[in-house]
Amino acid sequence: MTEENQQQSHQQNVVARRNYVIPVFEKTRQVTVVVSEGSKFLVCSCGHWTGYSIACRHIYKVMERKPVETDAKIRNFKLYRMYVGDKTKQEMSERLERLRDHPSQKIGVLLTDDLPNHVSWKEVGKGDAPLEFFLETLDKIKLRTPSYWKII
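Going by the numbering used here, the sequence shown opens with residue 1, and the numbers climb by one from there.
Worth double-checking, as some hints may not be accurate.
What the hints assert, rightly or not - Simulated pairs of lysine to aspartate or glutamate, DMTMM-like, Cα-Cα distance not exceeding 25 Å: (1) Lys40 <-> Asp101; (2) Lys78 <-> Glu97; (3) Lys78 <-> Glu94; (4) Lys106 <-> Glu64; (5) Lys78 <-> Glu91; (6) Lys106 <-> Glu94; (7) Lys106 <-> Glu69; (8) Lys73 <-> Glu94; (9) Lys87 <-> Glu97; (10) Lys40 <-> Asp86; (11) Lys73 <-> Glu91; (12) Lys73 <-> Asp86; (13) Lys40 <-> Glu97; (14) Lys87 <-> Asp101; (15) Lys89 <-> Glu69; (16) Lys106 <-> Glu91; (17) Lys89 <-> Asp101; (18) Lys89 <-> Glu132; (19) Lys73 <-> Glu37; (20) Lys78 <-> Asp101; (21) Lys73 <-> Glu97; (22) Lys61 <-> Glu132; (23) Lys40 <-> Glu64; (24) Lys61 <-> Glu136; (25) Lys40 <-> Glu69.
Calculated from the structure, these hints are not laboratory results.
Could you put the whole structure together from the sequences, leaning on the hints where they help?
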């Protein structure tokens, strides 16, 4: 094969690859404050709390702090694994089981300290997109292609 034929073959391959666009989905996450039995909880729409029993990065962005031990469900603690079901430590086992079954373990991350005062006007995201872009995509999935956005 000559050099010119190889170059044409390579250009055809590049053109063929450009025909296949891999879609990228974006979804805006929503962090809400839920009040239950006088306690405040932060709940995110991403479902990380439900799936992994720990808080997600969206919640930490709102709270402006690093993760602490109490941000996870009780089942993730070493203490829970050590004492639950242990016949010799019956009292501690019962206390941990009551805590595990408490309704607050199903809601979200307990908000022990107050949120920063500027949460309502906090930046939604980083990048070149304006705030209106994030507000209009709230609760929608948009398909991003090289030249346009398509709502699905």
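Structure-based check of all given hints:
no.: 1; hint: Lys40 <-> Asp101; in the structure: 18 Å, holds
no.: 2; hint: Lys78 <-> Glu97; in the structure: 14 Å, holds
no.: 3; hint: Lys78 <-> Glu94; in the structure: 16 Å, holds
no.: 4; hint: Lys106 <-> Glu64; in the structure: 23 Å, holds
no.: 5; hint: Lys78 <-> Glu91; in the structure: 17 Å, holds
no.: 6; hint: Lys106 <-> Glu94; in the structure: 19 Å, holds
no.: 7; hint: Lys106 <-> Glu69; in the structure: 17 Å, holds
no.: 8; hint: Lys73 <-> Glu94; in the structure: 16 Å, holds
no.: 9; hint: Lys87 <-> Glu97; in the structure: 13 Å, holds
no.: 10; hint: Lys40 <-> Asp86; in the structure: 33 Å, violated
no.: 11; hint: Lys73 <-> Glu91; in the structure: 20 Å, holds
no.: 12; hint: Lys73 <-> Asp86; in the structure: 20 Å, holds
no.: 13; hint: Lys40 <-> Glu97; in the structure: 22 Å, holds
no.: 14; hint: Lys87 <-> Asp101; in the structure: 19 Å, holds
no.: 15; hint: Lys89 <-> Glu69; in the structure: 23 Å, holds
no.: 16; hint: Lys106 <-> Glu91; in the structure: 23 Å, holds
no.: 17; hint: Lys89 <-> Asp101; in the structure: 19 Å, holds
no.: 18; hint: Lys89 <-> Glu132; in the structure: 56 Å, violated
no.: 19; hint: Lys73 <-> Glu37; in the structure: 18 Å, holds
no.: 20; hint: Lys78 <-> Asp101; in the structure: 17 Å, holds
no.: 21; hint: Lys73 <-> Glu97; in the structure: 12 Å, holds
no.: 22; hint: Lys61 <-> Glu132; in the structure: 20 Å, holds
no.: 23; hint: Lys40 <-> Glu64; in the structure: 16 Å, holds
no.: 24; hint: Lys61 <-> Glu136; in the structure: 21 Å, holds
no.: 25; hint: Lys40 <-> Glu69; in the structure: 18 Å, holds
In the structure shown, a violation is registered for the earlier hints numbered 10 and 18, in ascending order.
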